[in-house]
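A.B. asks: Protein chains in written order, with numbering that gives the first Met the number 0: chain A, 0 to 526; chain B, 0 to 236.
Rather than coming from a laboratory, the hints here were simulated on the basis of the structure.
Hints may be right or wrong, so weigh each one.
To be verified - Per the computed footprint, the stretches of chain B lying under chain A, defined by three or more beta-carbons under 8 Å from a beta-carbon of chain A, are:
id, segment
1, 37-45
2, 49-63
3, 98-104
4, 139-151
5, 161-169
6, 186-200
7, 212-222
As the list claims (entries may be wrong) - Subject to a maximum C-alpha distance of 35 Å in a straight line, what follows is the list of computed DSBU-like cross-link-like pairs (lysine-lysine):
id, chain 1, residue 1, chain 2, residue 2
8, A, K160, B, K236
9, B, K229, A, K397
10, A, K397, B, K27
11, A, K224, B, K197
12, A, K524, B, K69
13, A, K171, A, K160
14, B, K154, A, K224
15, B, K206, A, K523
16, A, K35, B, K69
17, A, K302, A, K342
18, A, K415, B, K69
19, B, K109, A, K224
20, A, K153, B, K27
21, A, K54, A, K224
22, B, K69, A, K523
23, A, K191, B, K154
Claimed, not checked - Per the computed footprint, the stretches of chain A lying under chain B, defined by three or more beta-carbons under 8 Å from a beta-carbon of chain B, are:
id, segment
24, 73-83
25, 115-126
26, 165-176
27, 222-233
28, 421-428
We put the CB at the ideal spot given by N, CA and C, even for glycine.
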Amino acid sequence: MEIHQLQQIVHKTRDARRTQTLPKYSPAERDTLIKKYHPDFRENAYRAIKFGPNKGESTVRELATLLEGDSPVPADVDLTPAHTVDVLVVGGGGAGCAASLHAHSQGARVLLATKLRLGDSNTVMAQGGIQVAITNEDSPIQHFLDTLKGGHMKNDHQLLKVMVEEGPSIAKWLLDLGVLFDRDADGNLHVKKGGGSSKPRLLTCSDYTGLEIMRVLKDEVLNQKIQLMEFSAAVELLSDGNGVCTGAVLQDLDNKRFVVVAAKTVILATGGIGRLHIQGFPTSNHYGATGDGLAMAYRMGAKLLQIDTFQYHPSGAVFPEQLIGALVTEGIRSEGGHLVNAKGERFVNELDTRDVVSSSIIRECEEGRGIRTMSGRIGVWLDTPLLEVEQGPGTLEKHFPAMVRQYKRYGIDIAKDPVLIYPTLHYQNGGVQIDVDSESGVRNLFVAGETSGGLHGRNRLMGNSLLDLMVFGKRAGLTAAARAASMKQGKLTLEHVKRFREDARKHGVSSDITSPMLFPAYAKKEG
Amino acid sequence: MPEVDKENVIDQEEVLRPKMVSVEIAGKTYQVPEGITVIKALWYTGQEVIRGAGCLGGFCGACATYYRTKDDPKVKTCLACQTAVQDGMSFSMVPPFPARKATYQMAELKDPKQDLFTLYPEAPLCRNCNACTEACPQTIDVREGVWRAVFGDFKAVSEMFMDCVMCGLCVPVCIADIAPNLVALYASRAQGVHFTDKPQRLFHRIKEIEEGRYAEEWDRVLHMNEQQLKEACAELK
Numbered sequence: 000m001e002i003h004q005l006q007q008i009v010h011k012t013r014d015a016r017r018t019q020t021l022p023k024y025s026p027a028e029r030d031t032l033i034k035k036y037h038p039d040f041r042e043n044a045y046r047a048i049k050f051g052p053n054k055g056e057s058t059v060r061e062l063a064t065l066l067e068g069d070s071p072v073p074a075d076v077d078l079t080p081a082h083t084v085d086v087l088v089v090g091g092g093g094a095g096c097a098a099s100l101h102a103h104s105q106g107a108r109v110l111l112a113t114k115l116r117l118g119d120s121n122t123v124m125a126q127g128g129i130q131v132a133i134t135n136e137d138s139p140i141q142h143f144l145d146t147l148k149g150g151h152m153k154n155d156h157q158l159l160k161v162m163v164e165e166g167p168s169i170a171k172w173l174l175d176l177g178v179l180f181d182r183d184a185d186g187n188l189h190v191k192k193g194g195g196s197s198k199p200r201l202l203t204c205s206d207y208t209g210l211e212i213m214r215v216l217k218d219e220v221l222n223q224k225i226q227l228m229e230f231s232a233a234v235e236l237l238s239d240g241n242g243v244c245t246g247a248v249l250q251d252l253d254n255k256r257f258v259v260v261a262a263k264t265v266i267l268a269t270g271g272i273g274r275l276h277i278q279g280f281p282t283s284n285h286y287g288a289t290g291d292g293l294a295m296a297y298r299m300g301a302k303l304l305q306i307d308t309f310q311y312h313p314s315g316a317v318f319p320e321q322l323i324g325a326l327v328t329e330g331i332r333s334e335g336g337h338l339v340n341a342k343g344e345r346f347v348n349e350l351d352t353r354d355v356v357s358s359s360i361i362r363e364c365e366e367g368r369g370i371r372t373m374s375g376r377i378g379v380w381l382d383t384p385l386l387e388v389e390q391g392p393g394t395l396e397k398h399f400p401a402m403v404r405q406y407k408r409y410g411i412d413i414a415k416d417p418v419l420i421y422p423t424l425h426y427q428n429g430g431v432q433i434d435v436d437s438e439s440g441v442r443n444l445f446v447a448g449e450t451s452g453g454l455h456g457r458n459r460l461m462g463n464s465l466l467d468l469m470v471f472g473k474r475a476g477l478t479a480a481a482r483a484a485s486m487k488q489g490k491l492t493l494e495h496v497k498r499f500r501e502d503a504r505k506h507g508v509s510s511d512i513t514s515p516m517l518f519p520a521y522a523k524k525e526g
Numbered sequence: 000m001p002e003v004d005k006e007n008v009i010d011q012e013e014v015l016r017p018k019m020v021s022v023e024i025a026g027k028t029y030q031v032p033e034g035i036t037v038i039k040a041l042w043y044t045g046q047e048v049i050r051g052a053g054c055l056g057g058f059c060g061a062c063a064t065y066y067r068t069k070d071d072p073k074v075k076t077c078l079a080c081q082t083a084v085q086d087g088m089s090f091s092m093v094p095p096f097p098a099r100k101a102t103y104q105m106a107e108l109k110d111p112k113q114d115l116f117t118l119y120p121e122a123p124l125c126r127n128c129n130a131c132t133e134a135c136p137q138t139i140d141v142r143e144g145v146w147r148a149v150f151g152d153f154k155a156v157s158e159m160f161m162d163c164v165m166c167g168l169c170v171p172v173c174i175a176d177i178a179p180n181l182v183a184l185y186a187s188r189a190q191g192v193h194f195t196d197k198p199q200r201l202f203h204r205i206k207e208i209e210e211g212r213y214a215e216e217w218d219r220v221l222h223m224n225e226q227q228l229k230e231a232c233a234e235l236k
């Protein structure tokens, strides 16, 4: 059927839906829904990891394969360092830049290495905002409880307390760098309500929050003249032979040469895993989100946490083909946009947590109330014109310019027509286990941002990722710099790789897969 | 397929029988499915892309591309991840351009509107050719923005350039060697650091936390058992 014909039901049912309020599910209902429909509970997508620190634990097959993968670095590689620094930061997104700036502020010699350009990351795409409890009706404690509830009570309490309590000072740090958050008329920071939060707490820069923060942090990294190596991917860590991290082997992607970096401390800020396309899902993630940090930390002996749980953002674009997987900001639902099935019905409280909303969309589609595309995709409608009806013409252009632009390129006017959405692989809830100073189980190996785990439990709340990056990027940077100031550089060996290879052999794993993956294999091999 | 579903299928003839179109990539001709994005056309033709792929969502500016459509002499710009190919299109990705970025300690500047002329002395030399505005894939009025910066209206600049993805396409076209995106970034940051209200409510909250306003409540919450925490969470509305 012609798309405009299918959209009629959304227009026809709009007025009736406006008066309707949908209750949130009870805890028991949420539980049943998630267990039945959330991709985290598809058993055949999972398998046990065969060896290493998380031996016997279950994760998605795509990740298990990478964790068991071999190092790309040959055992006899020359380990003479090309660079010797206090702090090596791997990754140029939000966490990496925050870590670099804070370590640099303490006088540490910092090298920031990133496999793409400085700033190419998931951070730059964050549209929803950053959660900071600042209003009189709100408090860090409420932020803590909201996050815990969203994370199914599985969050690390200490990490979480640190994050919510340092939120306000992080907001000030960003303001001091020139980040332009949206304001109220009285000059205070404007707050919006995010899915799964009991109070309005999202600081935003229209729907470009991540872009604005990333532009500023990038500029500051350059202003501070922090040593920067772009298109240089970390492919292996180095150890002193006794399990302490002492540096990393990078690969210059222009000439494929290995570059050895001796570093007293290493901060992994390599981001998430969307480009592994777990369970065949499209992803909202950037090109380099291939879980590099997880693979490297694992070989070094760092324990991973909650790597069986991933976040599928409820609203990934399904139509047109060019936008598949791209994110439709949660802000639309925050501002009152309805999710509507093929029968013109709402089916979930749109402001419930991401896992609940995603599960309910999958339910609608599996039970035959979805809208299909001829490329085999399926989705439900997100009623964007409703915002214009409720808040006046021009609302979308004013509050969601990025999204308006995104669709306009393909001739779609979201002010007039609803858009088709389906969950897209968005975030790695777990990751490398860290303490409150962002240090992993491996001494002198720090991990910040999406690569780390524990903070978000089994489901991250909207707006908590940008905060996580800034808080733990800062903590990693400060602790790593302080540590480096009081110690000598350890020797550089690949002993841990040797042990890892022996372990693989012992467990009968002879994989011809090497990790980190660095990039997804999109280039077609044959014509 | 459930019954109701059969009717709810969007017509997309192009997906069932992709129409192949002819495109020219960096001077070579290839056949690719019509409507895929420029970056996907590169992958489709077997090319590995490292320099030129970033967020793939239209936010990072890594995939700045020059293109021309069939028989049109006008060379246009786009982001390769956000633009669909069409028959007869020619395109090449834009290599990094060695623009000069001024370095500054933003908080220490005494008179940022004046300092602009020391940091970017070329900024007021704009010759109004408008090439930057035409080159902007985000349709920002770049030329206007440069002038606003020069005249000290940093607030307007910060609002106009909130959409800027720093792709740098405005830079190589400038006959006065201005890097408009960098000038705008400077002006926007200066606006934030020097000319924006101090948010009192935020400062108040920071002070409360420093003074231990929440210490007792933390103590209570952190000593709750799982059941008590669940109940506390259930009370949240």
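A.B. asks: Broken hints, numbered, in rising order?
C.D. replies: Per hint list: 4, 9, 10, 15, 16, 17, 20, 21, 24, 28 violated.
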